[in-house]
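Single-letter residue listing:
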Amino acid sequence: MSESIYAFSHGILKRKQNTLFFESQDGSQRYLPVEGVRDIHFFGEVTLNKEVLEFLSQKSVLLHFYNHYGYYVGSFYPREHYNSGCLILRQAEHYLEPEKRLVLARQFVRGALQNIQAVLKYYHRRGFALASAIGQMESFLCGLEEQDTPDALMAVEGNAWDIYYQSFDVILNDQDFQMEKRTKRPPENQLNSLISFGNSLLYAAVLSEIYKTHLDPRIGFLHATNFRRFSLNLDVAEIFKPVIVSRVIFALVNKKAISSREFDERLGGLYLNERGRKVFVEKFEEKMKSTVNYKRIGRKVSYRRLIRLELYKIEKHLLGEEEYQPLLAEW
Amino acid sequence: MYVIMVYDVEEKRVNKVLKIGRKYLTWVQNSVLEGEITEARLERLKSELKRCISEEKDSVIFYIMRTTKYSERQILGVEKGGKGNFL
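Residue numbers (the numbering used here), protein chains in the order written: chain A, 1 to 331; chain B, 332 to 418.
Keep in mind that the hints were calculated from the coordinates and are not lab data.
Take the hints with a grain of salt, since some may be wrong.
[Said to hold, decoys possible] With the Cβ distance kept under 8 Å, some of the chain A side facing chain B (calculated, not the full set): (1) Ser-24; (2) Gly-27; (3) Val-34.
For every residue, glycine included, the Cβ atom is placed at its ideal position computed from N, Cα and C.
Assemble the whole structure, with the sequences as input and the hints as a guide.
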């Protein structure tokens, strides 16, 4: 029952009386019960010292930082507390051997496509004209076996995302929130900006879950491993983007919880302002905490837990115990 | 589960108890803390407290609720401690 903390105000994070203490610029002070904190997301400016980092490391709390525009900039990822040389070797093995890497990469794409299709079908049942998009997903899914490099898989996935994002216009049908086309760095319209922000939050959330397993976030399978960034969280996030991020966006836009007032134009792009980010994060957190019935273990689990379960399935695959099958959101 | 912890301890130990409580729960009023906690963490909290209080003189009470669904929180006057996961 750990919590994610989201800090929007500027302030100082301290270790005080053996727990965490946040003093914001406007003078308000809060103790955070360290035993119940999973991670802290900083959207505002924060000052912290090594003392607090040492303490967070000891308590296995992650910090995620976002810049002025809400882009993810990085994390404080404390020394691994679940160390398994064996699993790391297996993970590297599955990356280095092309056939093995392809199996996993294909499953991540399959997971993403299946869940995109599930979302489209959901709205199709409710009378939205999405039959052609669903059909296209089907043909992408059928063609997956033929793709024999991760790059080819990425290309298929890219096309699928394009079609999926196009269908946002059908589902949302809101003058203020038109998709037109997917733009990043900078997002050129409001819907693009929501997608980018939601994906950033999801990447960080998956990273926090990876920390609680033996997996190494630096070795991804669909996304190439490089010198710069974590990639396993990007792989796993693909599966959950349609399930979590898009649904949060649909809920916000359809219920008019977010409007053009929540966006600012900066650097040639449109970005959520502080109020908008708060609204988004609240809805996102609510979604992560909400539960669904999970057949595999026959009880209700939260979406956050679902991410962890997905990681355990990957661990099992790497150890050769059970072949990995991506989650299909059937609810 | 959700826990409300109230304590009445001798003055010299008030700070010690508060300090321990704050690691696990959120302070809401003098001598009152509350928050979501797991069973294991509650046991840890209790054992930490046991080491510090005098079992003859002090008392700490935990009100334990499996969920907060059937309870309601009403406040008169000011809300003293901050809650929620937004800063």
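Verification of the supplied hints:
no., hint, result
1, Ser-24, "holds (7 Å)"
2, Gly-27, "violated (12 Å)"
3, Val-34, "holds (6 Å)"
The structure fails to meet hint 2 from the earlier list, while all remaining hints are met.
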